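Here are the chains, one letter per residue:
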Amino acid sequence: MSGRGLGLFMILALGPVAAQAQLGISGEWAGQYHEDRDDRVPGDVNGDFTGVPISDAARRYAEAWDVRRVSLIEHQCQPYSLPHIYRGPLQFRIWEEKHPDTQEIVAYNVYIGTYMQSRKIWMDGRERPPDYAPHTFMGFSTGRWNGDVLTVETTHIKKEFYRRSGLPSSDRTTVVEHYIRHGNLLSHVMIIDDPVYLTEPYVNSQEFVRMERGNQNWLYNCEYVMEVPTPKNDVPHFLPGENPFLGDFSEKFGLPLEAVFRGAEATYPEYMPRIEELTDEMSEASER
Amino acid sequence: MRIVLLAPLLAVALAAGSAAAPHHSFAATYDQQETIRIEGRIVQFQFRNPHSYVHVEAPDADGQVWRWAIEWGGTGQLGQQGVTSQTLQPGDEVTVTGNPGHNPGDHRLLMRTLHRTSDGFGWGQRPDEVFD
Chain A
29 MSGRGLGLFM ILALGPVAAQ AQLGISGEWA GQYHEDRDDR VPGDVNGDFT GVPISDAARR
89 YAEAWDVRRV SLIEHQCQPY SLPHIYRGPL QFRIWEEKHP DTQEIVAYNV YIGTYMQSRK
149 IWMDGRERPP DYAPHTFMGF STGRWNGDVL TVETTHIKKE FYRRSGLPSS DRTTVVEHYI
209 RHGNLLSHVM IIDDPVYLTE PYVNSQEFVR MERGNQNWLY NCEYVMEVPT PKNDVPHFLP
269 GENPFLGDFS EKFGLPLEAV FRGAEATYPE YMPRIEELTD EMSEASER
Chain B
571 MRIVLLAPLL AVALAAGSAA APHHSFAATY DQQETIRIEG RIVQFQFRNP HSYVHVEAPD
631 ADGQVWRWAI EWGGTGQLGQ QGVTSQTLQP GDEVTVTGNP GHNPGDHRLL MRTLHRTSDG
691 FGWGQRPDEV FD
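Top line first, the protein sequences correspond to chains A and B.
Residue numbers for the first sequence follow the numbering used here, so the first one is 29 and each next one is one higher.
Residue numbers for the second sequence follow the numbering used here, so the first one is 571 and each next one is one higher.
Hints are computed from structural coordinates only; laboratory data are not their basis.
Since this is a predicted model, take the numbers as computed values, not measurements.
Just so you know, even glycine gets a beta-carbon here, dropped at the ideal spot from N, CA and C.
One or more hints might be untrue.
[Claimed, not checked] Stretch by stretch, here's where chain B covers chain A in the computed footprint (C-beta under 8 Å, at least three residues):
id	segment
1	60-74
2	92-98
3	119-125
4	240-249
[Unchecked claim] Selected chain A positions facing chain B (in silico; Cβ < 10 Å):
id	residue
5	Gly141
6	Thr142
7	Tyr143
8	Pro157
9	Arg192
10	Val253
11	Met254
Whole structure, please, built from the sequences with the hints as guidance.
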């Protein structure tokens, strides 16, 4: 066998071995909610903007937000978009799609029970669609393995929210996900960029556990109904400066309102002295 | 008077593996420090996701009848607790306790307990009868 032929043989022989060495992430996974539970499951009081590097545009949007708006028929069954859906209660199923001739993974298919969303993570190196291609709630995703970490990049995501407290996400949002498996646990890290509503990447993480026994809660019969009778064409909102619930989170946890609304700056340790300063001012004001 | 202020109830937090993602935050929508009771007749039961709703017509202290929208669990969680789309019927006489909405004019409640007069059917008394 010539040197060139031997080289080709080695590539063909070792290629499948390398592919099989990748961690498997197929299976059914259920969310764990010990982390950020109040935010992720029942939802917290109005005015929780902590931990998110919000822009001025996001602040303005959130100030006008009335939580009752999602009870409108038009919004009741609106799915969470990709950067939001992994934060709520969910279970999802992953399975591999392999090329019939090479048995290489062409894509990971993902089905999310919440709102019955489907997504495909392309692993075949294909190009992204043009910017003007339709946006969807799950977006367009491509993935690659970096060692034992599956990294997924997603674009073409519809506008929605980062939090139910009214922090909006734009249709220019992009998401980088890292899937890191430790036995039956799957860590999921999201790094979200949004040039409209974020001033810095918004990073969060979730844990999922592999379900040993499946269940049948995979359907989500969201039905449009008149949840709360309201006048037709009435869109709940607050005009600037008139939102009476904006300070609820701040009051509940004794945090200065300025810190709650500060965005990126308030997420760094260097901001702690300012919080103490503001807290002292609050104490002095309450004593007067 | 058929609307009574009650002591706050303790919400038991359970694992939410089968919870429906609420499209709005409960704490943001309802005053969970307050619980009220209404007595009236069911006019509609919407067994659905993200959350079910029970609509009850109940009189206030002045005898004026209001239609209350009472938010309940999604089909997954309620289904595991034995509730089906046929559990409640229009015309059923019920007593409901729940957290009122922040906007009193909405006449909405977050369900805490339900009791049907005719057969004693109840929900919300057992530790597992909660929803996310």
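Here's how the hints hold up against the structure:
no.	hint	verdict
1	60-74	holds (count 9)
2	92-98	holds (count 3)
3	119-125	violated (count 1)
4	240-249	holds (count 4)
5	Gly141	9 Å, holds
6	Thr142	5 Å, holds
7	Tyr143	7 Å, holds
8	Pro157	28 Å, violated
9	Arg192	5 Å, holds
10	Val253	5 Å, holds
11	Met254	8 Å, holds
Taken one by one, the earlier hints fail for this structure at numbers 3 and 8, listed in ascending order.
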